[in-house]
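Trainee: Okay, here's what each chain looks like letter by letter:
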Amino acid sequence: EVQLQESGPGLVKPSQSLSLTCSVTGYSITSNYWGWIRKFPGNKMEWMGYISYSGSTSYNPSLKSRISITRDTSKNQFFLQLNSVTTEDTATYYCARSSSTDFDYWGQGVMVTVSS
Amino acid sequence: DIRMTQSPASLSASLGETVNIECLASEDIYSDLAWYQQKPGKSPQLLIYNANSLQNGVPSRFSGSGSGTQYSLKINSLQSEDVATYFCQQYNNYPLTFGSGTKLEIK
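From first to last, the protein sequence lines are chains A and B.
With the numbering used here applied, the first sequence corresponds to residues 1 to 116, in that order.
With the numbering used here applied, the second sequence corresponds to residues 1 to 107, in that order.
Looking at chain A on its own, in the form it has when it is part of the complex (with noise of 0.2 Å):
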């Protein structure tokens, strides 16, 4: 069964970076797309971007100059580091896995506030 496990800090400080992974069980990340997706106080849902099974990236423009996403295939995990937050970046981040449409595996989501 496929399996996605989030983790990182979940208090982070203003300007500084905000760094998750996602821990994948029951498949590799050499196949599919793998993304982050959050989900801010009030519902809204914003797709971050993803990293496809070759390692190529793709971002939320609206992101493109904070994010960065990557992979170790060694230890079946990718990576989220978004630099310069504030607190318009407290959300429940979720990773989950793509076909590069809709996402069929989520994690259970780690809720991150940004603050002093």
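One or more hints might be untrue.
Unchecked claim - Derived pair list, reagent style PhoX-like, types lysine-lysine, alpha-carbon separation capped at 20 Å:
1) A:Lys44 to B:Lys103
2) B:Lys39 to B:Lys103
3) B:Lys39 to B:Lys107
4) B:Lys103 to B:Lys74
5) B:Lys42 to A:Lys44
6) B:Lys74 to B:Lys107
7) B:Lys103 to B:Lys42
8) A:Lys44 to B:Lys39
9) B:Lys74 to B:Lys39
As the list claims (entries may be wrong) - Anything over 10 Å on all C-beta distances counts as not near chain B; from chain A, calculated:
10) Gly10
11) Thr70
12) Gln77
Simulated from the structure, these hints should not be mistaken for lab results.
A virtual CB, placed ideally from N, CA and C, is assigned to each residue, including glycine.
Assemble the complex: chain A is given as a structure, and chain B must be docked to it using the hints.
Mentor: Okay, now just chain B, sitting in the frame of chain A:
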């Protein structure tokens, strides 16, 4: 960006009823649409893809329809476990975008 306008924002219905949730895209998305269910405290679950294809394991009381810019999710014979927030998502163009969600409650 393609804007997805979802309605209603909230919905209250009785057990056994049929409910419809709508999603309007700001341009033609050629049926490149998914629907998700998110129960309280849980992660989203894919219900429908390609506007009308039922994801494996999803009960047949869920169905999707639509074309062009207008799409809908129908839930027949509403059950208590259907209490959730429902989202649409388009994948016709980048960036991928979501509707604002419909919160479904039982009367």
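Trainee: Now, for every hint given, state plainly whether the structure supports it.
Mentor: We went through each hint and held it up to the structure:
no.	hint	verdict
1	A:Lys44 to B:Lys103	holds (12 Å)
2	B:Lys39 to B:Lys103	holds (10 Å)
3	B:Lys39 to B:Lys107	holds (17 Å)
4	B:Lys103 to B:Lys74	holds (14 Å)
5	B:Lys42 to A:Lys44	holds (16 Å)
6	B:Lys74 to B:Lys107	holds (18 Å)
7	B:Lys103 to B:Lys42	holds (14 Å)
8	A:Lys44 to B:Lys39	holds (15 Å)
9	B:Lys74 to B:Lys39	holds (17 Å)
10	Gly10	holds (16 Å)
11	Thr70	holds (19 Å)
12	Gln77	holds (18 Å)
Hint compliance for this structure: no hint is broken.
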